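2 protein chains.
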Amino acid sequence: MKSEANQVDQTSREKLMKSAEHLFAERGYDGVSVRDIANDAGVNSALVGYYFGGKEGLLAEVYTQRCGLLRDERAQLLAEYSAGGKTPSLEEVLEAFITPSLESARNGEGRRSLPHIRSILAAENSSLLEKLVAENFDESSKIFVKALGKCLPHLTHEDVLWRFHFLLGTIYYTATGPHRIKALSRGRCDPSDPAATKEELIPFLVAGFTAPSAAKGNKRRGRGRGNGTVKS
Amino acid sequence: MKSEANQVDQTSREKLMKSAEHLFAERGYDGVSVRDIANDAGVNSALVGYYFGGKEGLLAEVYTQRCGLLRDERAQLLAEYSAGGKTPSLEEVLEAFITPSLESARNGEGRRSLPHIRSILAAENSSLLEKLVAENFDESSKIFVKALGKCLPHLTHEDVLWRFHFLLGTIYYTATGPHRIKALSRGRCDPSDPAATKEELIPFLVAGFTAPSAAKGNKRRGRGRGNGTVKS
DNA sequence: GTATATTTTATGCATTCGTTCGAATAAGGG
DNA sequence: CCCTTATTCGAACGAATGCATAAAATATAC
Numbered sequence: 090m091k092s093e094a095n096q097v098d099q100t101s102r103e104k105l106m107k108s109a110e111h112l113f114a115e116r117g118y119d120g121v122s123v124r125d126i127a128n129d130a131g132v133n134s135a136l137v138g139y140y141f142g143g144k145e146g147l148l149a150e151v152y153t154q155r156c157g158l159l160r161d162e163r164a165q166l167l168a169e170y171s172a173g174g175k176t177p178s179l180e181e182v183l184e185a186f187i188t189p190s191l192e193s194a195r196n197g198e199g200r201r202s203l204p205h206i207r208s209i210l211a212a213e214n215s216s217l218l219e220k221l222v223a224e225n226f227d228e229s230s231k232i233f234v235k236a237l238g239k240c241l242p243h244l245t246h247e248d249v250l251w252r253f254h255f256l257l258g259t260i261y262y263t264a265t266g267p268h269r270i271k272a273l274s275r276g277r278c279d280p281s282d283p284a285a286t287k288e289e290l291i292p293f294l295v296a297g298f299t300a301p302s303a304a305k306g307n308k309r310r311g312r313g314r315g316n317g318t319v320k321s
Numbered sequence: 090m091k092s093e094a095n096q097v098d099q100t101s102r103e104k105l106m107k108s109a110e111h112l113f114a115e116r117g118y119d120g121v122s123v124r125d126i127a128n129d130a131g132v133n134s135a136l137v138g139y140y141f142g143g144k145e146g147l148l149a150e151v152y153t154q155r156c157g158l159l160r161d162e163r164a165q166l167l168a169e170y171s172a173g174g175k176t177p178s179l180e181e182v183l184e185a186f187i188t189p190s191l192e193s194a195r196n197g198e199g200r201r202s203l204p205h206i207r208s209i210l211a212a213e214n215s216s217l218l219e220k221l222v223a224e225n226f227d228e229s230s231k232i233f234v235k236a237l238g239k240c241l242p243h244l245t246h247e248d249v250l251w252r253f254h255f256l257l258g259t260i261y262y263t264a265t266g267p268h269r270i271k272a273l274s275r276g277r278c279d280p281s282d283p284a285a286t287k288e289e290l291i292p293f294l295v296a297g298f299t300a301p302s303a304a305k306g307n308k309r310r311g312r313g314r315g316n317g318t319v320k321s
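Read top to bottom, the protein sequences are chains A and B. Numbers in this note's numbering are just positions in the first sequence, counted from 1, shifted up by 89. Numbers in this note's numbering are just positions in the second sequence, counted from 1, shifted up by 89.
No lab work stands behind these hints, which were simulated from the structure alone.
Think about it this way: if two alpha-carbon atoms lie no more than 20 Å apart in a straight line, the pair counts; the simulated EDC-like pairs of lysine to aspartate or glutamate are:
(1) Lys-144(A) / Asp-119(B)
(2) Lys-287(A) / Glu-247(B)
(3) Lys-271(B) / Glu-247(A)
(4) Lys-220(A) / Glu-115(B)
(5) Lys-220(B) / Glu-115(A)
(6) Lys-107(A) / Glu-145(A)
(7) Lys-104(A) / Glu-150(A)
(8) Lys-271(A) / Asp-227(B)
(9) Lys-235(B) / Glu-169(B)
(10) Lys-271(A) / Glu-247(B)
(11) Lys-271(B) / Glu-115(B)
(12) Lys-287(B) / Glu-181(B)
Sample of chain A residues with no beta-carbon within 10 Å of chain B, all distances over it, derived:
(13) Arg-102
(14) Arg-124
(15) Asp-125
(16) Asn-128
(17) Leu-221
(18) Pro-242
Derived Cβ-Cβ restraints for the label pairs, each shown as a range:
(19) Asp-279(A) / Ser-134(B): 40 to 50 Å
(20) Lys-231(B) / Glu-192(A): 29 to 39 Å
(21) Arg-277(A) / Ser-134(B): 45 to 55 Å
Model, not experiment: these values are computed from the prediction. Just so it is clear, CB atoms sit at the ideal spot from N, CA and C, and this is done for glycine as well.
Starting from the given sequences, assemble the full structure and let the hints guide the process.
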């Protein structure tokens, strides 16, 4: 198979994947028909069955490919920040995790499709896709949770997991629902601008992550809010 | 067939709305057919046309009703914290906003359906529903953004909006499904537990909101003895 | 009782969906 | 040239969709 086609000479398989990524991100899985995809790609609709076995196979292919790219970018950034055996700072770990999510336009055409697709999977809750998410995501998650925990020795493992969970929420919501804040701010806050988003998100997250532990050992009814770390 | 004696006499309209809320939250809008809803409700499928004019009308009805409930709960909590002309603290404002989102089981049957539906709207991006979101949510949002700004005079209006945006992300993501965090923690972190979530989320958010301003140049106007209201 | 209004049911319709199948077209080796 | 293989195409299938309508059942008023 001659997979080294030029970007001008694109195989039908690639056209389908590109259109599928675009349309799935825009209108959801059930909201797009294979005819829509084929039409957008300019090929015959039967080719999705020929190349991917069906609509689900096409989505799986698109998703895993995108996930791999995102995972690699994150890993590479984290590796850069860990060069020379150095332990990356909290900001660096967060930046390594967030940046590829915000600007996943590297391969596509300015569309941040992966978090959108990911959000759609969560919403439409297809069983196959839930499995895909676990397969492609848990690996990267564990690495970053570990790196975060190393930066935050005052937190329990569960604290880190919770805050990682909140971090994911900010990322996905930024990628999927940027309409409202843009309207409320009359366009001055634009979550589709990766640099601006990062500039606001990182300090917010750094402060949130470095907050005192909220874990069980700490739930004494102490009056003082910023009480120190409780050893046991 | 005659409907067997239900525990309460529920009109077919209410049955439809209940089933629609449940199913929309579970499988999305396009993922559920009118027949599915009618079958789940135990009524004839033509009744959704009779009562709501169609599938979209049913969704709009469900959504606006749920939205009204949530908005009222939030407003009531904020009013309680503002009793006697007192200015609520940051934690109180956050709690008033978050709590009803996390435990929207008050009226339903333990399902936190509204954020789920909201998330689906964002994903499937229907034009009608985007309008619904703006209509039902912006009002509440503006009130809380204002209350937050009053607690955080060191921030610009845009800072507050950004962090409010991140706050929404954490809520929606938490409510959108049983997520990886539960698996990664072997069940010890359970986002479906409102109390546990709040115990972790509030300190995280308080720290994030009170972080120093990230605005470029820190150009907060009206510094010194600030006029309370934020200029619009 | 009858008459009227409301609610429910049964059924059909036009459309769209994902998928499949067989026939064309292209490419390459003998 | 023929033969094999890979790709593309047009057409069609059965199933499911949202929606509309007429008739039946039920409630309500007189």
